[in-house]
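Turn these sequences into a full structure, and let the hints guide you.
From first to last, the protein sequence lines are chains A and Z. Note that the first sequence ends on residue 483 in numbering that gives the first Met the number 0; no numbers are left out. Note that the second sequence ends on residue 476 in numbering that gives the first Met the number 0; no numbers are left out.
One or more hints might be untrue.
As the list claims (entries may be wrong) - Derived DMTMM-like pairs: lysine to aspartate or glutamate, alpha-carbon spacing no greater than 25 Å straight-line: (1) Z:Lys234 to A:Glu63; (2) A:Lys354 to A:Asp95; (3) A:Lys139 to Z:Asp329; (4) Z:Lys347 to A:Asp95; (5) A:Lys199 to A:Asp28; (6) Z:Lys336 to A:Glu63; (7) A:Lys139 to Z:Glu328.
Claimed, not checked - Simulated restraints on C-beta separations: (8) A:Tyr91 to Z:Asp265: 44 to 52 Å; (9) Z:Ser339 to A:Leu154: 22 to 30 Å; (10) A:Tyr91 to Z:Arg348: 16 to 24 Å; (11) Z:Gln239 to A:Ala306: 40 to 48 Å; (12) Z:Asn331 to A:Arg267: 50 to 58 Å; (13) Z:Gln239 to A:Leu154: 49 to 57 Å.
No lab work stands behind these hints: they were computed from the structure. The C-beta atom is built at its ideal place from N, Cα and C for all residues, glycine as well.
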Amino acid sequence: MSKVSKGVLGMANYDTVIGLEIHVALLTDSKFLCSCSTAFGAPPNSQCCPVCLGLPGSLPTINEKAVECATKAGLALNCQINLFSKFDRKNYFYPDLPKAYQITQDAYPLCSRGFLDYYVDDQLVRTEITRIHMEEEAGKLIHSGSSIVSSDYSLVDYNRAGIALIEIVTAPDIHHPGQARLFVEQLRLLLSYIGVSDTKMEEGSLRVDANISLKPKDSDLLGTKVEIKNLNSFRALEKALEYEVSRQGEILDQGGTIRQESRTWDDRAGRTMSMRSKGDAPDYRLFPEPDLPPLCLEPAWVESIRASIPELPLERLGRLEEQFGLSRYEATFFVHYPDFCQIFFDLAEYDLSPKAIVNFLMGDYARLARERGHLDARRIAGLLTIVKEGLIGANQEGVVLDALFSSEKSAREIVKEQGLEALRDSTELQGVVDGVLTANPDLVARFRSGESKLLGYFVGQVMRATRGKADPEVVNKLLEEALS
Amino acid sequence: MKELIQSLDVREVSAQEIVQHHLEEIAQHDPGIHAFITVDQEGALRQADDADRRRAQGQALSPFDGIPIAVKDNISTKGLRTTCGSRMLEDYVPLFDATVISRLRRAGLVLVGKTNLDEFAMGSSTEYSAFGVTHNPHDHSRVPGGSSGGSAAAVAAGEVPWSLGTDTGGSIRQPASFCGVVGLKPTYGWVSRYGVVALAPSLDQVGPMAKRVEDAAALFALIAGNDPRDATSAKAPSFQVPAWDPEVLRDLRVGVPEEFFSAGLDSQVEHAVRGCLRQLEDQGAVLQPLSLATNAYAIDTYLTLVTAEASSCLARYDGVRYGKRVEAEDSNTMFAKSRSAGFGSEVKRRIMLGTYVLSANHYEAYYEQAQKVRTLIKEDVLDALSQVDVIITPTTPTAAFQIGAKRDPLEMYLSDLFTAMANLSGIPALSVPCGLNSHGLPMGIQIMGGNFSEALLFQVGYMIEQGVEGSARHGQL
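Have a look at this one:
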C-alpha cells in the first residue's frame with residue numbers, strides 16, 4: 000500500500016471520489032470591481048469605496064488585470080479560454096456581503112475543460128479541471144465569540160470585500176486524501192510560478208472546499224457527496240478528507256446512508272461537523288448581472304497572455320532531470336524553491352559540474368541563504384571554481400562561504416587575505432609530519448605494532464598544525480612514507 | 000429659460016435673485032403640492048453666490064451657471080440626503096455625487112433640492128412615497144404621475160425651471176404627461192447611471208424634464224455622455240442641441256401603431272394625439288399605420304424583469320452599513336426587522352414577486368421567459384423603426400387620475416402600458432404636452448425613435464409644441 004493511500008486502509012470495499020473547488024485570491028494591486036487597494040494587513044475598513052461597500056447607486060467596473068490573471072491561470076491549467084463569458088449575481092444575505100449578492104460567473108465561465116498533471120509517488124497522474132470562473136471576495140467577519148451565533152457582537156472589515164478571486168473546479172477524479180493534497184500543492188506551486196496569486200493559505204488567499212463520496216468498488220454509481228467547506232491548510236485538507244473516508248465508510252458498513260450536506264472541519268477536535276443539509280441549502284437566485292456587459296476577449300490578446308507564461312513546475316522538473324541529470328529528489332527541491340533554482344541555472348553557465356552545484360546549494364549554503372539571503376551567483380561560482388581547481392581544500396570551503404556572506408569580497412580575495420590556500424608542498428609539510436611523529440614516540444610505536452587506525456590521529460594532528468590547510472592526500476602520503 | 004439666461008448674462012438679475020425667486024415659489028406652492036422631500040435653501044443660495052462671483056469675474060462655467068434645478072431623490076448628491084422616498088434611507092447622506100450631478104455642478108447649475116418619488120421609484124403616482132403624496136399642480140386632488148412625480152410637479156408649478164427624473168418603465172414620461180411638461184427617457188446607456196439608486200439596472204435611465212422642448216434638450220446635452228464608471232454606458236459622442244428647423248418634418252415617416260389607439264384609450268387623449276398627427280401631416284410628415292403587436296406583452300415582461308432586478312438591487316438595504324437598522328438578537332433577525340420596518344408595502348410586494356420569479360423552481364417560467372419576450376419586443380420595435388423615422392403614440396391612456404383612485408396594484412401597473420416598450424427595447428422616447436382635456440388637465444404625446452435619435456425626437460417634439468396653443472401647452476398655471 001502506497002504512502003498516500005493510508006487513509007483508505009480498512010475501507011477496502013469502497014472507492015473514494017474527491018472533487019475540489021479552490022478559491023484563489025488574484026494578485027492585483029486593486030480590487031476586482033473598483034480601484035481600492037488590495038494590500039493585506041491595512042487598518043480595518045481603510046481600503047473601501049462606495050463600490051466595494053455597495054453604497055446605493057455605485058456600479059462595478061471590471062479590473063482588466065484580474066481578467067489577465069484569470070486567463071493566465073486558465074492557460075497554465077490547459078483550459079479553453081472562452082472569448083465570450085458573462086457575469087451573474089448570486090444572491091444571499093450575510094453581513095460580510097455588502098450588496099447582498101456576489102458578482103460571479105455561473106452559466107458562462109471564463110475558462111473550461113483543462114487539466115493539471117502531477118506526481119503521486121512516482122506516478123504521473125492527471126486531474127481534470129472542469130471550469131475556472133471569476134468572482135468577488137466577501138468582507139471579513141471578526142466575532143467577539145467563537146462564531147457568529149455565539150457572539151455578543153461581530154465586526155466587519157470590508158478591506159477584503161471585492162478582491163478578485165478565481166474559483167477552480169476539478170472533476171471528481173481524485174482518489175484519496177493524499178492525492179488531494181498533492182494536487183493542491185502542485186496547483187499552488189503552478190499559480191505562484193505564473194505570479195497570479197501569492198497563494199498564502201494562512202492569509203486566506205487560497206482556500207479549498209472538498210466534495211467527497213464513497214462508492215462500492217468497481218461500481219459506476221457515485222455515492223452521495225458531502226461538501227467540506229473552507230479548508231485552510233494542507234493538513235486540514237488531508238485530515239478532514241481522511242476523517243470523512245472513515246466516517247462515511249463506517250456508516251456504509253453499517254448499512255446506513257450518507258446525508259447530502261455541507262460540513263466544516265474542526266481542527267482541534269479532529270473531526271468534521273455538519274453545517275447544513277441539502278434541504279437547507281440557500282436558493283441563490285442566480286441571474287445575469289445587469290450592471291456588467293459580457294466579457295469579450297480578442298484571440299490575439301489571449302495569445303499574448305499565453306506567450307507570457309513562464310516555464311511551469313512540471314516542465315522544469317523534466318528539464319532538471321533530463322538536461323542536468325538531477326535525481327527526482329534534487330529536481331523536486333529546485334522546483335519547489337525557484338530562488339535556488341535560478342541560482343542553479345546561473346551557476347550552470349559556469350564550467351562547473353551540476354553535481355557539484357547541487358551538492359553545494361543543497362548543503363550548508365541552503366541553511367545560510369535562508370537565514371541571510373542569497374549570494375550573487377558570480378561569487379558562488381568563484382568559490383566553486385577554486386574548490387574545483389584545488390586552490391583550497393574541501394574543509395576550507397565552509398570558512399570561505401561564511402566570509403562570502405559577511406563581506407563583499409570574492410572567494411579568491413578571501414583565500415588570499417586569510418592565507419587559506421591548500422598546503423601541498425611536500426618539503427614544507429615534511430617538517431610538520433616529522434614534528435608530529437617526533438612528539439608522539441609512543442603512538443608511533445603502537446602504530447608500528449599494528450594499531451593502524453592511529454594513522455587518522457596523525458593526519459588530524461598535521462591538519463591541526465596547519466590550521467586545516469594541508470592537502471590531506473599529500474599528508475597521507477608523507478605519513479605513510481615516514482611510518483613504513 | 001432663454002430669458003433667464005439673457006438677464007443673467009447682462010447682469011440684469013443675479014443668480015441669487017433667480018434662486019431666491021424659486022425658493023419663494025417653493026415656499027408658496029409646495030405646501031399644497033409637496034413636490035420636494037428636501038429643499039436645500041442654504042446650499043442653493045451659497046451655490047448661487049458662487050455663480051454670481053464667477054459671472055462677475057467673467058468665468059461663468061456655462062451659459063447655465065447659476066440656474067436652479069431640482070433632482071429626483073434617488074440620484075446621489077454628496078452631502079445632501081438621498082432618501083429614495085423610503086424610510087429605509089431617511090437619514091442616508093451620500094459620500095459621492097452621481098455622475099449626472101457632477102456634470103450639472105460642472106456647468107454651474109444650482110441644486111435647490113430633492114424631489115418626491117414613489118419609494119425606490121416603484122410606482123406611477125408618487126402616492127407610494129414614505130414622505131407623503133405629491134399633488135398635481137393642475138388639480139390638487141389628482142396625482143402628478145410617477146415615479147418622478149415630484150420632478151414633474153416642481154417644474155409644472157414653476158418651482159424650478161427644470162429637473163431630472165429617472166425612467167424605468169415610464170417614470171419620466173407619464174408624470175410629464177400628467178403635469179403638462181416635457182420629459183425624455185434617453186437611449187439606454189447615453190446617460191450614466193453611476194450614483195443613481197438602482198431599481199432595475201437593465202432599464203433605468205436618467206432624463207431631463209422641463210417646460211419647453213428646447214430646455215429639455217439643453218439639459219440633456221449637459222448630462223449625456225460616456226462615463227467610465229458605468230460599464231453599461233454607451234461609447235456615444237456628446238449630444239448636440241439641434242437646430243429648430245420646420246424642414247425636419249418634410250417627408251418624415253411617422254409610424255402610428257394601431258395597438259396604442261385601441262380600447263382603453265381615453266377619447267379626449269386620442270383626439271388630442273390625432274390632432275397633433277394631422278398637424279404634422281399638414282407640415283409635410285407622412286403618417287404610416289403600423290403594428291407593434293408585442294406591446295401586448297410589454298407590461299408582463301416589464302414587471303417580471305423589474306421585480307427580479309429590484310429584488311436583488313434592494314437586498315443591500317440590510318441595516319449593516321447604512322440606512323435603517325432595527326437591532327435584534329442575531330444578524331438574520333436584524334436583516335428581517337430592518338427591512339420590514341424600512342420598506343413600504345409596494346416595495347415589499349415587488350421584492351417578493353422578484354424573489355419568486357428568480358427562484359430555482361420558477362426561473363425558467365418567468366425570468367428566462369421574460370428575457371426571451373424582451374428580445375422579441377426589441378426586434379419588433381427595431382423592425383418598425385426600419386420602416387419609419389419616428390413612432391408616435393399617446394404617452395398615457397388617460398390624463399391624471401384622482402389620488403387614491405387606483406387601489407389595485409395591477410391597475411396601477413397598467414399606467415406604463417404605452418411607455419414600458421421603450422425601456423425594454425432601449426430606445427429613446429420623448430413626451431410632449433399635446434393639449435388640455437375638458438377638466439383642464441394636460442395630456443401627453445410620445446415620440447419614439449431609434450437609438451441615439453434624441454435630436455430628431457426633440458425636433459419633432461418642438462414642432463408639436465409649436466402647434467399646440469399657448470395656454471393648452473402647459474395649462475393655466
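Need the status of pair Lys199 of chain A, Asp28 of chain A: alpha-carbon distance at most 25 Å?
Between Lys199 of chain A and Asp28 of chain A the Cα gap is close to 16 Å, so the pair holds against 25 Å.
Cβ separation of Ser339 of chain Z and Leu154 of chain A, checked against the hinted range 22 to 30 Å:
About 25 Å separates the Cβ atoms of Ser339 of chain Z and Leu154 of chain A, which means 22 to 30 Å holds.
Holds or violated: Lys336 of chain Z to Glu63 of chain A, with C-alpha atoms at most 25 Å apart:
40 Å, violated
Lying within 50 to 58 Å: is that true of the beta-carbon distance Asn331 of chain Z to Arg267 of chain A?
27 Å Cβ-Cβ, so the 50 to 58 Å window is violated.
Holds or violated: are the alpha carbons of Lys347 of chain Z and Asp95 of chain A at most 25 Å from each other?
23 Å, holds
Arg348 of chain Z and Tyr91 of chain A - C-beta distance against the hinted 16 to 24 Å
With a Cβ separation near 22 Å, Tyr91 of chain A and Arg348 of chain Z satisfy 16 to 24 Å, so the hint holds.
Would the pair Lys139 of chain A and Glu328 of chain Z pass a check requiring their Cα atoms to be no farther apart than 25 Å?
OK: Lys139 of chain A and Glu328 of chain Z at ~20 Å, within 25 Å.
For Lys234 of chain Z and Glu63 of chain A, compute the direct alpha-carbon distance and say whether it is at most 25 Å.
18 Å, holds
Going straight from one Cα to the other, do Lys354 of chain A and Asp95 of chain A come out at no more than 25 Å?
Roughly 54 Å separates the two Cα atoms, so the pair is violated.
Status of the given 49 to 57 Å range, CB of Leu154 of chain A versus CB of Gln239 of chain Z
52 Å, holds
Starting from the hint 44 to 52 Å, judge whether the C-beta atoms of Tyr91 of chain A and Asp265 of chain Z obey it.
At 46 Å between Cβs, range holds.
Quick one: are Gln239 of chain Z and Ala306 of chain A within 40 to 48 Å, going by C-beta?
Because 44 Å falls inside the window, the suggested range holds.
The earlier numbered hints that this structure contradicts are 2, 6 and 12.
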